[in-house]
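**Q** Given next are the chains, with one letter for each unit.
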Amino acid sequence: MKLQAKFLALILGAGLLASVLVLVLIQGSVHSIIIGGIEKSSVVLAIASMHDLAAALASGRETDLLPVLQKLQREEGALYAAALDPDGKVLAHTTVTERGRVEVDEFTRAGLSAGEPRLKKGIVRGEPVLLITVPVWPPAADEEFLLSGPLRTGLKSRLGTLKLAVPLRAPEETETRILRDISLIVVLIGAIVCGLFVLLARGMLAPIHGLMAGIARIGRGQFDVKVPVLSRDELGELAESFNAMSGELARTTVSKEYVEGILENMDDMLVVTDPEGRIQTVNRAAAEALDGSEVVGRPLDAIFESPPKEEVVRDAEVVLRVKNGGRMPALYSSTVFRGRDGRLRGFIGVAKDITARKRSEEALLAAKLAAEASNRELETFSYSVAHDLRAPLRAVDGFSQLLLSEYSGRLDEAGKDYLTRVRQGSKRMGHLIDDLLNLSRITRTVLRPESVDLSALAAAIGDELRRSEPGRQVDFVVAPNVRAWGDANLLRVTLVNLLGNAWKYTGKHPTARIEFGAENRGGSTVYFVRDDGAGFDMSLSKRLFEPFTRLHAANEFEGTGIGLATVQRVISRHGGRVWAESAVERGAAFYFTLWERKS
Amino acid sequence: MSSDRAAAPSALLLIAALAAASPAPAQEVIAVLSSAPGPYQAAFDGFLKAFGREVPRVRLPARPPAAGARVVVAFGGEAAVQPYPADALLIACMAPGLGARLRHRGPFVFVSMKPAPGRLLSELRRLQPGLKRLAVLSDGRDTAGYIPDLRRAGAAIGVEIVSPRAAGPNGVPSALRALLAAKADAIWLAPDPSLATPENFQTIKQFSWDNRVPFYAPTRGLAVAGAAAAVSVGAEEEGRLAADLARRALAGEELPEVVYPTRTSITVNLESAKNSGLALPQNGLGKDVEALR
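Order-wise, the sequence lines are chains C and X. Position one of the first sequence corresponds to residue 1 (the working numbering), numbered consecutively onward. Position one of the second sequence corresponds to residue 1 (the working numbering), numbered consecutively onward.
Simulated from the structure, these hints should not be mistaken for lab results. Please read all numbers here as calculations on a predicted model, not as lab measurements. Note that CB positions come from ideal geometry on N, CA and C, so glycine has one too. Incorrect hints may have been included.
Unchecked claim - Quick partial rundown of chain C residues pointing at chain X, CB under 8 Å, derived from the structure:
#1 18
#2 143
#3 144
#4 145
#5 146
#6 147
#7 148
To be verified - Take a look, some chain X residues computed to stay more than 12 Å from chain C by CB distance:
#8 87
#9 97
#10 165
#11 183
#12 230
#13 287
With the sequences and hints as input, model every part of the structure.
**A** Right, here's the structure in full:
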């Protein structure tokens, strides 16, 4: 039963009970006022006539009694008035035919011996009446009043009894009419009270209904609920408390609506199963891809072409069976879903559509394969060319040397100079061919990674460089214990090139400092070779690692322009990158990393 | 104790009293009762019980004895004013207001209906502990000797007596107005039939209720009629005192002219007490007090 109905039932019950009680009390009061008033006034009037009546009774003559009785009848509006002697015999009666009769009814006989007036309701001639008997005494002496007050204790001097019949029809009708009117008023007031109560109850219950709606919304996971504060009473305080609670909930708790909003709007597909692996919930993305209305309730494995072997996987590449018989490559991760009590609730799977990525990867792979094939062809061609160039170059150099040694007498100085230049050019070309072959070899060599002591390598290379030019004042600083994971031969080629360049470009300075070491930058190890030599213009640094690029004139510093290209190729094969920082005549620093990306 | 078991000692006491009483001629003491049906019979019963033996009894209007009796005990005012032999001692009881009139006849003893002054004031103090000033309403003739005694008794307990004299039955309204000026705490109506008429009683009661001054009456009947309370001498007590005086008279003792009873009863009319502003003690009045609701 609703609260309002309960209140209404209560108020109706209480109102009905109160109305009955009020009517009973009013009936008693009205009766007391009307009938009691008649009783009192009748007795008072009778007593007021006692003096005259006593005198008439003392004479015992009807002619003396009748005027007194008739006066009483008029004043009382009585049906009759009678004077009885002490034995109950009618001495006089306003209905004169009654004279001489002896009253034998119980009420009158009791009145003959009573010291006080007596009253009783009765019926006379078919009409309701109030029957009254009043004892009549001789006039009291003063001493008697003093000694006895209004009471009379003796009977010997009693003169007789007055009997009256006062009609009650009119007063009773008045009483009935008053009660009827009061009943109507009570009913009317009750109806008004009930109506007001209903209005009041609605007003009072409105905040409660608001609270109920708010509680229902919180039950649905919508925590940020505000209910209107409609009053300043306890209900208003309750509404304020509720708002404070919902605000606190919204502030401190992730609402279901919020979570659902995230899940529904995420691009990845979300699938939640029960502990047996049957799909219970899917988000919008999953529903759109998998035809959500059909997959809910089905086993999770049904959405895969080949389900993962483990229930918990991370970034597993799978193929999903999507709508209309389609296939969708996806990256799939799943985890166990447990309740707060630790009980297994099911599994949560998230799948990311990688169709576009797979297409890109396939295109990249194709391009890579094509490039690798092309590179292999080019490298093969380069190697062949370089290898094939060696023989005629050796012939040019060899025959030039023969001409200088066998025919030097026939050649003038100019001819010897030409031949010497031919030989120098042949040697440079030989170096160039060696470098090209090395570069080609580096590209083709299979990597054999191992732990490499770069500090030892650098120190050894430094010693070789010092031995090559013992007269130079070079401070060669190698940081100890610098190790790396890589191909030792290729890393040695890298350090030979970088340290060799440092040695070369500090050659113009009377003293130099060359430094090898490693440092940590953002969690990655960065190796460096630093010198204080000629340096270079950083605006040209973009071309620094391109083959055959020279930033200095050949007559200033020798070189083929292949060294840094070789370094870049080695570092690239080790999944790293290489870069340089420099300023003209302020030295240069070359940095490289290893294994930053998958090779 | 049951009534049967109580009756046996009473009978024994009566027999013992009759045996102990000195033999006297039957004519020595006669009782005369007023004709009205009032409480005279009860007083006579009390007399007989205390006197211990039967005495001749006459109820007016039968003719009272002309001679031969040494003591006439009159019950009621009507009986008290009858002519009796001049040498007979008249003991009048239940005859309020007649004390002064009896001085013009032969030897008499008047058993007053006024309680002994100390008794009256202590009983009024029970009803009204804060009583400081008591107005005694009388016509002055019958209370001439009583008022001084009352003043003395009042002075002993801190109650001042004011006595506005009512000049006859018609003087009550003037007397009431006078005692209002005296700022009395309560009114005590002396047992004087000339003042205690139904009309005067109604006047005093109305005055009491209007001015919130409690009105104390001398008889239980007037408490029933609407006085706030009554400190009354019972009819049996009057008879008992008359019997004691008759016995002493026969024994030749010299008797006082007036005897004030010391045994009284209290009757409270609760409705009238409330209407007249009488705040009854919180701890009650005791089991001997009759409360009329």
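**Q** Each of the hints needs a verdict: does it hold here or not?
**A** Each hint, compared with the structure:
1. 18: Check failed: Cβ of residue 18 (chain C) comes no nearer than 29 Å to chain X, outside 8 Å.
2. 143: Residue 143 (chain C) check passes; min Cβ-Cβ to chain X is 4 Å, inside 8 Å.
3. 144: holds (5 Å)
4. 145: Where the cut-off is 8 Å and the nearest Cβ of chain X is about 6 Å from residue 145 (chain C), the hint holds.
5. 146: holds (4 Å)
6. 147: Check passed: Cβ of residue 147 (chain C) comes within 5 Å of chain X, closer than 8 Å.
7. 148: Holds. Min distance 4 Å.
8. 87: holds (27 Å)
9. 97: The assertion about residue 97 (chain X) is violated, with a minimum of 8 Å to chain C.
10. 165: It holds; residue 165 (chain X) is separated from chain C by about 18 Å at its closest Cβ, greater than 12 Å.
11. 183: Fine: 27 Å to the nearest Cβ keeps residue 183 (chain X) off the interface.
12. 230: At about 9 Å from chain C, residue 230 (chain X) fails to clear the 12 Å cut-off, so the statement is violated.
13. 287: The claim holds: residue 287 (chain X) sits with its nearest Cβ about 23 Å from chain C, beyond 12 Å.
Hint check: violations occur at hints 1, 9 and 12; the rest are consistent with the structure.
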